[in-house]
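There are 2 protein chains.
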Amino acid sequence: MGGLHGVFFSPLDGSPRKASGGATACNPQMSAPVPLSEALRLVVITDRRLAAPRPVEEVVARALEAGARCVQLRDKTATPRSLLGQAERLRGLTRRWGALLFVNDRFDIALAAEADGVHLGPEDLPVAAVRRATPPGFLIGYSTDVPEKARAAQDEGADYIGCGAVFPTATKADAGQAIGVEGLRRVVEAVDVPVVGIGGITPQNAPGVVQGSGAAGVAVVGAVMGAPDVAEAVRALLAAFRP
Amino acid sequence: MGGLHGVFFSPLDGSPRKASGGATACNPQMSAPVPLSEALRLVVITDRRLAAPRPVEEVVARALEAGARCVQLRDKTATPRSLLGQAERLRGLTRRWGALLFVNDRFDIALAAEADGVHLGPEDLPVAAVRRATPPGFLIGYSTDVPEKARAAQDEGADYIGCGAVFPTATKADAGQAIGVEGLRRVVEAVDVPVVGIGGITPQNAPGVVQGSGAAGVAVVGAVMGAPDVAEAVRALLAAFRP
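Those protein sequence lines, which keep their order, are chains A and B.
Residues in the first sequence are numbered consecutively from 2, following the numbering used here.
Residues in the second sequence are numbered consecutively from 2, following the numbering used here.
Quick caveat, the hints were computed from the structure, so don't treat them as lab data.
Be careful, since some hints might not be right.
In silico DSSO-like links for lysine-lysine, alpha-carbon gap of 30 Å or less [claimed, not checked]:
| no. | chain 1 | residue 1 | chain 2 | residue 2 |
| --- | --- | --- | --- | --- |
| 1 | B | K150 | A | K150 |
| 2 | A | K77 | A | K150 |
| 3 | B | K150 | B | K77 |
| 4 | B | K77 | A | K77 |
| 5 | A | K150 | B | K77 |
Computed footprint of chain A on chain B; a stretch qualifies when at least three of its residues, placed anywhere within it, have a C-beta under 8 Å from a C-beta of chain A [said to hold, decoys possible]:
| no. | region |
| --- | --- |
| 6 | 38 to 45 |
| 7 | 74 to 82 |
| 8 | 100 to 112 |
Even glycine gets a Cβ: it sits at the ideal position worked out from N, Cα and C.
Could you build all of it, start to finish, from the sequences and the hints given here?
If you want it as structure tokens, here you go:
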């Protein structure tokens, strides 16, 4: 697989894309970032344990080659230094594909690694505080399955909402009761920013989630990190967006 | 004690100070910040356990009234939200006295609370990465007792060095072997930025530490947080700087 070098492909249909923009012109291995709403079609959340014995970076590289354009670094047990190292490696990979990189919880790590944004939960710093403390253009995602809280987060400056668990899931112990596609739809209808469904999403149920809720995309942990064939899983998940 | 309101006192000699500068003019309860080298004469590091049953904020308020002009919020067990709440309350207190506020470890909390800076250790994010990711004027402290590492931290952008343990201490389990006043002096001589001695500092040994090492100041946890009479402890520690 020489996909990380050479010709660039546009994020979603595989057609060749020309290098453009300052950074891209200086470094032929970088692609211009895709728009947020496109990138969010599939959010690949990292999990070292599920990726093993493969390094997370290897799984992410395969997912990017297959068309994923958004990666969220999540590692609750890493030291700050180790988390920064992971974020920097993922930043290198995502830049080559014009993909967005988010860091879970900590915007200091995100800023230090030049990630595109941070993903916050209810236990993390409030969206408004993070918005005030970060530079213009820094992206903020916020997790909630409550329509009113999603609206409030949007009003505080959240750029997208992560909403779930849509289905029961084993990868997040504190995910609460599943809200179903209908619960996701209620959050989608409550806000103007993109909403990403999370929790128990598979290539099989993804089309029903997207079409039944109007969500901008799906976020997955196990469906990509644990996939024996990462490229196949990513292509199957992205196929939910085909007309 | 009405010291948090009304007339302002200059940081070190207790003489009245006139309000000046934009922010101060708008809010009569704010003093202009003191210069870093002055503020660092005494760094009051918080410790909820040692302050108990008094709230940390009460101990800090008394320390500020008595002349302390630098506070470092340290709480390794608090959630991010709780840490931000503490930082915001300490920001309110320190602003009234023109005192500097640092947050230990996490510059995201520091930025969100509008603290003056962050204090980093060897396990935290590298100084250079934090320098790149934070706005101009944001202050960075770095802990080391190795002259070469202190020099490297200065070159990466550290504004001051915390150095110790000077004496054996019970408040930091991972402080390593005590370096003594001589060890502190070696670090002072290795850098141009201010160096603050930490570890087992008391009102009794502080004059010897300062005069024997040339350190810009001392940082204390127990000597203030655990003091039955906080004001007395602070005045006694600051007296180490009297000619």
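Checklist entry - For the region 100 to 112 of chain B, do three or more residues have a beta carbon lying closer than 8 Å to a beta carbon of chain A? => result Three-residue rule met by the region 100 to 112 of chain B, so holds; n is 6.
Checklist entry - Holds or violated: are the alpha carbons of A/K150 and B/K77 at most 30 Å from each other? => result With Cα atoms ~29 Å apart, A/K150 and B/K77 stay inside 30 Å; holds.
Next on the checklist: So if I understand the rule, the pair passes when the alpha-carbon distance is 30 Å or less; does B/K150 with A/K150 pass?
Outcome noted: violated, 46 Å
Next on the checklist: Taking beta carbons only, do three or more residues of the region 38 to 45 of chain B come closer than 8 Å to chain A?
Outcome noted: Violated: only 0 residues of the region 38 to 45 of chain B have a Cβ under 8 Å from chain A.
Next on the checklist: Against the 30 Å threshold, does the CA-CA distance of A/K77 and A/K150 hold or violate the hint?
Outcome noted: Cα-Cα ~24 Å, so holds.
Item to check | 8 Å C-beta criterion, at least three residues: is the region 74 to 82 of chain B covered by chain A | outcome: holds (count 3)
Item to check | Pairwise hint evaluation, A/K77 against B/K77, where the allowed Cα distance is 30 Å at most | outcome: Cα-Cα ~15 Å, so holds.
Item to check | Hinted pair B/K150 and B/K77, Cα distance within 30 Å | outcome: holds, 24 Å
When each numbered hint is compared with the structure, violations occur for hints 1, 6.
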